[in-house]
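S.K.: Sequence:
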Amino acid sequence: SMTAPIYLSLVFHNHQPVGQFDYVSEHSTHVSYLPLIELLERHPGVNAGMHFTGPLLDWLIAHHPELIERLRVLVSLGQVEILTGGYYEPVLVALPDEDKVGQIKKLTEKIKQTFGYEANGMWLAERVWEPHLPRPIAQAGVKYVIVDDTHFEGVGFDKEKELFGYYVTEEQGYPVAVFPTLAYLRYAIPWSPVQTLIDWLRSEADQPLPTFVPKLAFMGDDGEKFGTWPGTYEHCWGDGRYMESLFSALEKNADWIKTTTPSNYMKQYPALGRVYLPSASYMEMGEWSLPPDASHQLTVLKHGLEVQHQNDILRFLRGGIWRSFMVKYEEINHMQKRALAVSEKIHEMRRGRKRDEALDLLWAAQSNDPYWHGVFGGIYLFNFRVANYANLIAAESMADGDDAAALLKITDFDRDGRDETIVSSTPFNAIWSQNVGGSLIELDYRPTCYNLLNIMSRHKEGYHADLLEAARENRVMTPESPASNELENIHSKTIRAKEAGLEKFLIYDWHRRASFLDHFVAPHTTLDEFYRAQYAEQGDFVNQPYQADSSVKDKTVSVHFQRDGHVWVGETHEAVRVSKTFALEHGQNTVNVIYSLTHSSSAPIDVRFGVETVVGFDGGQDLNYCAMRIGDGVSIGDRLPLTAVGAIDNVTHYSADSNLRNLTVATELSKPATLWHFPLETVALSEAGFERGYQGTAFLQLWTVTIPAGEAWSVVITQRVTEAASRPS
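Numbering (my numbering), first residue to last: 1 to 729.
What the hints contain is simulated information worked out from the structure, not anything from laboratory work.
Here the structure is a predicted model, which means the values were calculated and not measured.
Any given hint might turn out to be false.
Derived SDA-like pairs: lysine to any residue, alpha-carbon spacing no greater than 20 Å straight-line [said to hold, decoys possible]: (1) K302 x L317; (2) K460 x N333; (3) K555 x P427; (4) K345 x R355.
Using the sequences and the hints, build the whole thing.
M.R.: Shown next as structure tokens:
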């Protein structure tokens, strides 16, 4: 062949998050990981890199040791290079530097123990890069890292000409090599015909670099793309035989296509130069991190430019940065700030076995999946949130000690310039936001490491506009729709949904859902209006600041909130004071809340006052796992689904429970109330299209109240947590 040689490096990133269901990992093993290893065994002339995150590696060692042994042989032959990274696949920029270094070193050591290989390159989770990263990455012993061509375009590089190799960057003198994974290869493999890819490689090889260093075409991408993603197994491994055809073609053209691992290429050839990269990830991540309307606008604009082939403009188009997810979703910011607070506690522990165990729990809680959202479930996947909180609570309990005294702390927990109130005790941890309704935003039951308020508000998403448009045009594809022979990928423009009519569930909350939010609703407001967040709030309490005053006496922590606000009563704007005092006694499993309403008018006023509470049980959509029960303090009613929308009068006792977690949250009211209850359900994108997801249940205990002039109306709400739950009969 007269074609000049070109090097091709393929790196497959394999990941299952902390909290993943076993059946999902098992499925991915059989349709993605095992077929790829078998393919490499059949084609010894093709070299590749592979990355397994710590949770997946642990799972494979426990469930498929034979696969690990086969992979160990490929590594020993030099055909496969194993990459390191953060053990639990964290987005590094969200971690303190000592956790960055610790997580990388942990996976490097695991790779050495498992494969006898000293990994010196790393997979960067979601390719989220910031300029400070070279220092901790280099301190962890890493020589190179994989980023996107998008990162380079952000500082003026031409990906068509200048990214066929690697560069060196540094921070404070700490160097690390950066390999750009090419968008063309990520989209071409496995979507374009194999011959089209070979022709592209030939055309690139025929245009050598001016430095006379052989070109390197580099692709790093998800291993799950090859079999696990919808429709890809048949294409890659079944009758489509794409991967077999690809590897056969690479061996057939081995005289000029040299497959290599990143480390081997670095040993033979120098860097193309020096580079300093901006804060970036892949292009889609920049779209997803924007506010919903801006996200949709950017997606439409980008698609329009792609159709017009205006790559000269596209290369300068940018979205947001990954950290914006902590602005877009309060739930993400809350979890990340919890992890920072727990990290601080653990790093203050005396070095030893207990600290090491606590560190590992903390690092597991930094698993990236519930810290963002794109076309996969992310923060909307309940089981991932549950797993992260379980590890955080367990880690913090180890740092605090078995029976530490009740601790009260007033601090700017969420880093917005305003204080929150935090109580660490036994059996509860509790966090209140005095600036957002004096609400309880986290309640951990420490004995079972469960956050009872782990819910999601219903957020608007940019891609909801696509669902609405497709629904109007009657072109939403559901499982009942006629089958299509068209091969799709996650970036396809086809609108798929797991059920018909999902557009009816596009409900957006105007405030963060939490417990002990104070509502004043109009006499004519209906349950359906409240459920859909389409009603007129009569008071100014729900998302407004309260004055806070807290104390610890003996074993009891008292947290008091008060707001002097106003309520519309007919055409009159009445001044009303809402006071509420929470009492948590160390060693007791109850939260007592005393409410008091007063006003300064000379005549009585009639209001409709409601206290909103929430509960977050994973599996709450299934009556086999979770239920609510209504009682009068003497008897308790039948099991009702947590997904039901309903109104029940004269309620003094009710409960929500989970037999998955063996927990019951029982609520007692000192005065009978009308109880409104409804699920918090979101419509989010997943690999298979739009789907409805259960995110928790909201309750509104509602009273029609007459507040006498100069007197107070009061009610006591008691919540009790027990380690017991109802079961289906």
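S.K.: Quick one: which hint numbers does this structure break? Sort them smallest to largest.
M.R.: Of the numbered hints, all hold.
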